[in-house]
Every structure is written in structure tokens, then in C-alpha cells.
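S.K.: Quick note: to get this note's numbering, add 606 to the position in the sequence shown (first position is 1).
For the record, the hints were derived by calculation from the structure and aren't laboratory data.
No incorrect hints appear here.
Straight-line distance between alpha carbons at most 25 angstroms, and here's what the computed SDA-like set of lysine to any residue pairs gives:
(1) Lys1016 with Asp941
(2) Lys642 with Met609
(3) Lys648 with Met628
(4) Lys1078 with Gly1045
(5) Lys607 with Ala641
(6) Lys933 with Tyr867
(7) Lys648 with Pro620
(8) Lys1069 with Trp893
(9) Lys844 with Glu1023
Label pairs and their in silico Cβ distance ranges:
(10) Ser914 with Ala643: 53 to 59 angstroms
(11) Ser872 with Ala641: 55 to 61 angstroms
(12) Ser729 with Asp787: 25 to 31 angstroms
(13) Lys1016 with Asp787: 15 to 21 angstroms
(14) Thr858 with Ala641: 39 to 45 angstroms
(15) Val627 with Asn1046: 52 to 58 angstroms
(16) Lys829 with Asp786: 43 to 49 angstroms
(17) Ser872 with Val637: 55 to 61 angstroms
(18) Lys1069 with Thr858: 35 to 41 angstroms
(19) Ala917 with Glu618: 47 to 53 angstroms
(20) Ser872 with Lys607: 55 to 61 angstroms
(21) Gly950 with Met687: 48 to 54 angstroms
All values reported here derive from a predicted model rather than from experimental measurement.
Yeah, the Cβ is synthetic: ideal placement off N, Cα and C, and Gly gets one too.
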Amino acid sequence: KKMKDGSGDGKEAPLVVVDPVMISTSGHKLVDDTAKAAMIDKVFPYADLVTPNKFEAEELLGRKLLTPEDVEVGAREILAMGPKTVLIKGGHSLLEEQGKDNAVSSDEENVSVGYSQDYLLMSNEMAEEGKPTDKPRLCDGSRGVWLRSDRYDTIHTHGTGCTLSSAIAAAWAMGQRERDDVANANDKDEKVGARSSMYLVDACCIAKAYVTAGIARGVQLGKGPGPVVHTGFPNSYKHFPTIALAAGSASTPAFLPMQSYHNAKSSSSSSGVTLGRILPIVDTVEWIERLISTPGITDVQLRFKDTSDYATILDRIQRAQTLCKSKGVRLWINDHWKAAIEAGDCFGIHLGQEDLASCVEAGGLDLIRSAGLAFGVSTHSYSELAASLGVRPSYISLGPVFPTSSKDVKFDPQGLETVRQWRSLMPPEIPLVAIGGIGNADVARVVREAGAECAAVIGAVTKADDVSEAVKDLNDAMS
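Given these sequences and hints, build the entire structure.
M.R.: Pasting the structure below:
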């Protein structure tokens, strides 16, 4: 309470993460009922986040949590106890207390065995922190977020709960420090999008990756279970979590798999569709017609925002697709997934995070997948990356890498270091597309060196004096 009331000097009150150490990982009760009541009454109302493990959540609620739905309901009830956010740490299997000899009897229980899942739920007030728009995203904590990572078959997990909570606090503080540094800096170009966008959901993703890496490297020290190993900032796709669309589903079907030009070149197998080295983005059918005859163009994206009339949208897509089909060029449609499906013969859909959420709500992912279309998703933050990985797309894009004037983006430029991070946090078989400020071949070259396999470009092509020469130079730079 004293921390949240502040010192009266006008400074913002610190963020408070409370790990209610009530029951150990092994299931031993550590506090009595008086202490539990005091924590709920005197501490929870001042907590920005409380992080009970499954056993502690059951103790707080006075009942067992046997299914993902039980966990979701329980999180809402704990949220009503006063904290602004609750994270029920689900490293423990839903069957764990029932004994390993019991048979797995449902998909929900099977998921709890195969994965480590944490459930994050935020109050509406807390969820507004750092939200780029008023539109919902899959990674918004107010809708409830399941963070999923692979479960490691090991007993060396001592300290995982408090490590996770501490790592969340550290990552959350890193984001706030970055924003403070940016606010006080003279050179505003020094800000880095992913770091300055590290809010609570992002911090939970980073912390979960940190703990998973520590569990993977756990070893026994002395007698009994060994401690979680403390490593560094997450740098492996093997540990980075996904945001699952539903906790009770064992696996989300993948969209049409694609391989990068570079993986195809180095692989002895010719299976799979190869994404081009560049992905020009244009806003008119006339530009589509011009580009499809340009040597080196294999993919093109149509993105327009000047109309909401469905008939007009459908007509443009159909005309663009007829042109692309005549030249064997793959057409990607930005946002308008319903019209793209109806038009037929389009190759792929690209969605931003807000459109991804509305598409999921409308059941669109299944329709896109059933139509056999490829699927690309934009990302700007760690939580958006986790959400995108959860839908298993054909490619993932990151942006804006550099400052851009082609689109009103609510995130700071990412820089090359974030490109490197994204490449390490994504499975190598998923192509990474870089977008934003890639205005010429020289810029494309450094983006490729940082790990991007495809450059989405606009002005580098549409503003070029010689489009054919620009396309050739960009392809060479991304080779």
C-alpha cells in the first residue's frame, strides 16, 4: 500500500507483481489460513499482477481446477479479489495430482500433459496499457490469453514459479525503462519498437521463454530436484511460447507451408512453395498489371483502404487475380479475406493483428485454410509474435524495421537487432518478411544480413525511375 500510494513527489507508483508463495511446486502448503486471508485482504488490492500456480489458485478458490474452463472461471474469481491481473501458472498437469497411472481420458487433459500452459487475465483498465488501437487483438489480456510452451519431462524445476514472476517484473521494467529513455532522449530515432512495446503480456511471453529455457537446461545439484537454470534474454524458438486459440485443442492446423528462397536453395528437397525474395505491395490493379510483366516478380500484394463497398472490393480482387494468373504470379490480398475467398484462385491472405482477431471471431481461419490459401500475419511486439505463431501461418512479417511514411503505424521502428531476434524466436521453416522503410537495395541488403528472407517493399518499386532495374537490384540484395 505504501508503494502504491507513492512518496508524494509526483513520481508514478511502481508496478507490483505478487507471487503468493502458498504451496510449493511439489504441493506442500507453506502458509496457514490466517496468512492467506491477510494476503487477499491487504495485498491483492494493491497488486498489478498476482501469479499463483495451479495449486495456489485452488487454495485461493477452495476447489480443484480440473479443466481449462475451470482455470478460466477461477481466474475471473481471483481477479475479483482485487488484483488488476492474474496469471495462473499451469506448468502442472491437470492430471498431476491424480497420479501418473491414470489414463488420459480427454483432449483437454491430454493438452495439459503435452504442454505447459499459463492463463493470463487482465482487468479492462490494465489491458489499456500500451494498447495500440481500440480494436481487439488475440494477445489482449482482457480477453484471456493462454500461453503455451512444450512441457519438458524433467524433475529439475525447483524455483520455476518465483523465477517466472521475477522475470515478468524484470521484462516489464525493461519496457518501461525503454519508454522512459525514449521520452528523455534527444534522438527519437533511437527507440526500438519491440522493446518500447514491452507491456505486461509481452513481459509474460518473454518470462515464459526464459523459464522454459531454464527448465530445458536443468540439472541436479545435490539431492532432490535441481533448480531452474538462469540464462539470458530468450533467443530460441524452441522456448518462445505461442498464444493458443483454445486451451482444449491439442494442435492448430497449419496453413499452406512455404519455404524461403534461401532454405529452398540450400535444401536437397524441392517440396513446398517458395516465397519470393521481395513482396511488392501496391494499392491499384493498374500497378498489379505493370508488375506482373516485370522479370523477378513472383509475389505481389494488393492493399487498398479507399473503399468499404464489397462489390468494388470483389471486382478489384477478381481483376487483379485474372492478371496474376495469366503471368503465373502469386497474388496476396491484404485484409479482405472474405472477398479473396469468393474471388477464387488468389494465392494468399495477409492480415494485421486487429484483422486477425476479427477473422478468428468470424471463423475465418478455418475458411481460409479450407480454401487452401496461404496466410501471412503482421507483428510488431513479442505478444503479437506469440499470437501469430499460435495460428501457424505461412509467413510472419515484422515492421516497421525503419521509419516509414507509407502507413500510420502505432509502433516505433524495430531496427536490425529486432530482425535478428525475430529470426531466432521463429521456427526456421517459417519465412520472416521484413517491412517498413526498405527504400532501396542497400537497405534491403542489411535487412537480409540481419536474418529476413523476404523484403516487403512499396516505394522502392513504385517510386523507382526504372522498375525493372529496381526489382533486379532488390532481388540481388535479398539473395
